[in-house]
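Q: Each chain, written out:
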Amino acid sequence: MATVDHRLTLNPPATRRRTARPWLLLALSTLVVALVVLPIGYLALRAASAGPEAWGALLRPRTLRVFTGSAALALGTAALSTLLALPVAWLTVASDLPLRRFWAVATLLPLAVPSYIFGFAMVAVLGPRGMLQQALAPLGVERLPSIYGFGGALLTLTLCSYPYVLLTVRAALRRCDPAVEEAARSMGDGPRAVFLRVLLPQLRPAIAVGALLVALYALSDFGVVSLLQFDSFTRAIYMQYRGSFDRSGAAVLALMLVLLTLGLLWLEHLIRGRPSMSRTTCAVARPRRPVALGPWRWPAVLFCASLVLLGVGLPLFALSYWLIRGLSNGQALVSLWQASANSLLAGALAAALAVVCALPIAILAVRHPGRLSQLLERGAYLGYALPGIVVALALVFFGANVVPLLYQTLPMLLIGYTVRFLPQAVGSVRTSLQQMNPRVEEAARALGRRPLSVLTSVTTPLVAPGLLAGAALVFLTTIKELPTTLLLGPSGFPTLATMVWSATSEALFTRAAAPALLLMLLSALAMALMVAQDHAAEEPLRYNGQYEGTSHPATDE
Amino acid sequence: MASMKARRIQPQMSSAALDIQGLTRRYGPLTAVDSVDLTVAAGQFLALLGPSGCGKTTLLRLVAGFEQPDAGLISIGGRAVVSPCGVGLPPEERSIGMVFQDYALFPHLSVEQNVAYGLGRATGRAARVAELLALVGLEGLGRRMPHALSGGQQQRVALARALAPRPALLLLDEPFSNLDAGLRQAVRADVRRILRHEQVTAIFVTHDQEEALSLADVVAVMLKGRIAQVARPRELYERPLSRDVGAFVGAANFLPAEADGFIASCALGRLTLARPARGAVEVLVRPELIALTPDPRAPHQVTERSYYGADQLVELRLAGGARARARVPAWHDFAPGDRVATAVHGPVVAF
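Chains A and B supply the protein sequences, listed in that same order. The opening position of the first sequence corresponds to residue 267 in the working numbering, with each subsequent residue numbered one higher. The opening position of the second sequence corresponds to residue 1420 in the working numbering, with each subsequent residue numbered one higher.
Treat the hints with care, since some could be wrong.
Now the stretches of chain A that chain B is said to cover, found in silico as 3 or more residues with beta-carbon under 8 Å [to be verified]:
| no. | stretch |
| --- | --- |
| 1 | 698-707 |
| 2 | 722-728 |
Among the chain A residues that face chain B by a calculated CB cut under 7 Å, a handful are [claimed, not checked]:
| no. | residue |
| --- | --- |
| 3 | R470 |
| 4 | R711 |
| 5 | A712 |
| 6 | L713 |
| 7 | G714 |
| 8 | R715 |
These aren't lab readings, by the way, just hints derived from the structure by calculation. Since the structure is predicted, the reported quantities are computational estimates derived from the model, not experimental observations. Using N, Cα and C, we set each Cβ at its ideal position, and we do this for glycine too.
Based on the sequences and whatever the hints tell you, model everything.
A: Right, here's the structure in full:
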């Protein structure tokens, strides 16, 4: 009898035991995500509670002009970028273009140039007192056609952002199975018909995603439109913010921009989420045989070369020219040290803060996947997805009204950077955590260590390279960042980015050249780092093989 | 009431190094571990044997505390680590050692530091590390980093690391599956010697029945989330309790038979039964129990032969049309079409 009794108590109902929730991680992550989400929510609140005159401003002709101008700029940049990127993608993937690999890399390089440096180059070369005018002055040319306004902004933004289309289309083109095109040929289509009827339809989703990315870029960019004086949303927000005491108008405009951005992001999500027209054959495709360009080879090379010349050559040339002129006048290095020191300080502190904030979110996402951790991770991306000027403005409002003690101080600037660039740190930490064998942590637990001790003695040393990479990435991006620095920086705190911007606004090109060159180098470094990390992100595949116990350790006994 | 019962169980448990009762773990609709009862005596080396997906690794991880059960009790060394009120101790308080399938050595620590990791700041730490490195045959390699070791060496570091804090129970998850076949033999023998020397109670998970039979004191066969049989290797192989266990552990011929007490009649003749049975049954005849002699007048015929060097596997069509396999020494060459007479050595079991 007694044993029967035992059984009853020993087999209790099945529902009561579950894994304990990682409360500490959840609490820390929620705190960080609140830091990101609250200011933006506050902006919405401010805009909603703005007086009728602020909302009335929405209907003013100027607002309408800003709206249509922004839309036109975004659409135009997307269209022009697609027109440029499509042939380059095809040439570098599917043709026998001479030096194909070189062009494949060189046409992506504009990604490494911050947009306001492009703006600087444009103004410094083609502006009213720019290099071209000075070169033509002996011929009696006093004025060039103005590069300010829509045309200049369109051209500059296209040169900055066409690589986004190039990247997506190129990736899609590589995934297309050449056998499908051969099948079309075998059924009587000529090369042109194959391109239009078979290849282009397969590339359409990639083109759409790339074009949307470009439109988002154009919509959120502040550097180019402010330097080329085109009234799009970001510039209008900035002017409104600087120009009037009532900042609700800026809030209303910013909210409109947020809605527009979220709309485009949603559209992108839809396109990406659709079942892709991927390969239907299961076998690995044969490598594509390059199409012979024949007599078109040299025009094709000329096309790529002029793109690279404009996208990379122009800024480099402008920078060097004005740097040398400034050096010969002895004024190039004015206050460069102060700005560099400020940039380094703010960048380093922001990097440290971002990594510390990223740790709990990344650990939660990798080790405790679930709906809540996913939600928190998504929340952390909000500041990254929205235009920098909006995030900065939100923090200005929040700071001025909720925590006035921090308003216009270095800590506030650091918080701004963290809100903007947290996802970069989360991404690197996440990648290195995923590469780590979770059994190693369990081994430490089995050997008697508590979770916190495991974190410090095993996890942290193993993900240290990822932490460092994340910190470096945030550091470099922070130094480049313009709108956040402009709006949140303490007064009398010039950085390299604000120096380039203000000097260019005043057409003091010799003063802008040295910091701009420094920024370009740093930004190239950031890009190299990101590429290296993308490669690292593919590593878990290799690790899995070993984890499954299918492969033997390489060395012999 | 409940507490009184718990106290009454206590003395019963103290002799066992591990005691599991009614342990259940579900993943959605799937019951990975289904009300398992298992007891391991102190000093025993138990193999948890089962096909992949039978829940054996989940059971091990439940004991270790890396998974939480839906129901059931676990006690280690007489101490409840998952108690009736549903509270489970975290892994670090269970006094277990674990050797992982992929070893999970700390890649940023040297061999010495790996082994010392679980020792805390105890005195005699260095001596214990040296003792273990000597025991596993890695003297002089203490300063090496894990990546500079071969697979077999890594395995021994993992073992030394798990043994260092003198755990009450050592858990090994498929410990030999990452080693190549030649190395596996040597490492198995080493591991058994080391475990004997440390007098530790250990459980190892494996899907390899040969490994389980040759290495363990006791084998627990796990099928579809349940423990099907716990027995010493020889008993398990010769007297499986169910047809499933008999089929999983080793090669098997199942033949229809008519049983009467300790005798069963089938196509191979009248066989002795290990356990009495009655009526229509199936007998399990291991292939190596069947001896063959060429005999042109015999009713059985060879249909196929595979030659393995040390022995050969002969496939037969028996008198009634049933098929069977015999594993016999290779001194006589059998060929398809040969007529053979059979003899069965030793008792068989019926189901």
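Q: Now, for every hint given, state plainly whether the structure supports it.
A: Going down the list of hints, with the structure as the test:
As drawn, the stretch 698-707 of chain A meets chain B at 3 residues by the rule of a beta-carbon pair under 8 Å; at three or more, the given contact holds. Check on the stretch 722-728 of chain A: 4 of its residues sit with their Cβ under 8 Å from a Cβ of chain B, so the three-residue criterion for coverage holds. Among the interface hints, the one on A/R470 is violated; its C-beta lies about 39 Å from the nearest C-beta in chain B, farther than the 7 Å criterion. Evaluation of the A/R711 hint against chain B yields a held restraint, the C-beta minimum of about 4 Å falling below 7 Å.
The beta carbon of A/A712 is positioned within 7 Å of a beta carbon in chain B (closest approach about 4 Å), and the interface hint is therefore held. Checking A/L713 against chain B by beta carbon gives a least distance of about 3 Å; that is within 7 Å, so the hint holds. Annotation: A/G714 was flagged as interfacial toward chain B, and the flag holds, the nearest CB pair being 5 Å apart, inside 7 Å. Hint on A/R715 holds. Least Cβ distance to chain B is approximately 6 Å, under the 7 Å limit.
Checked against the numbered hints above, the structure breaks only hint 3 and satisfies the rest.
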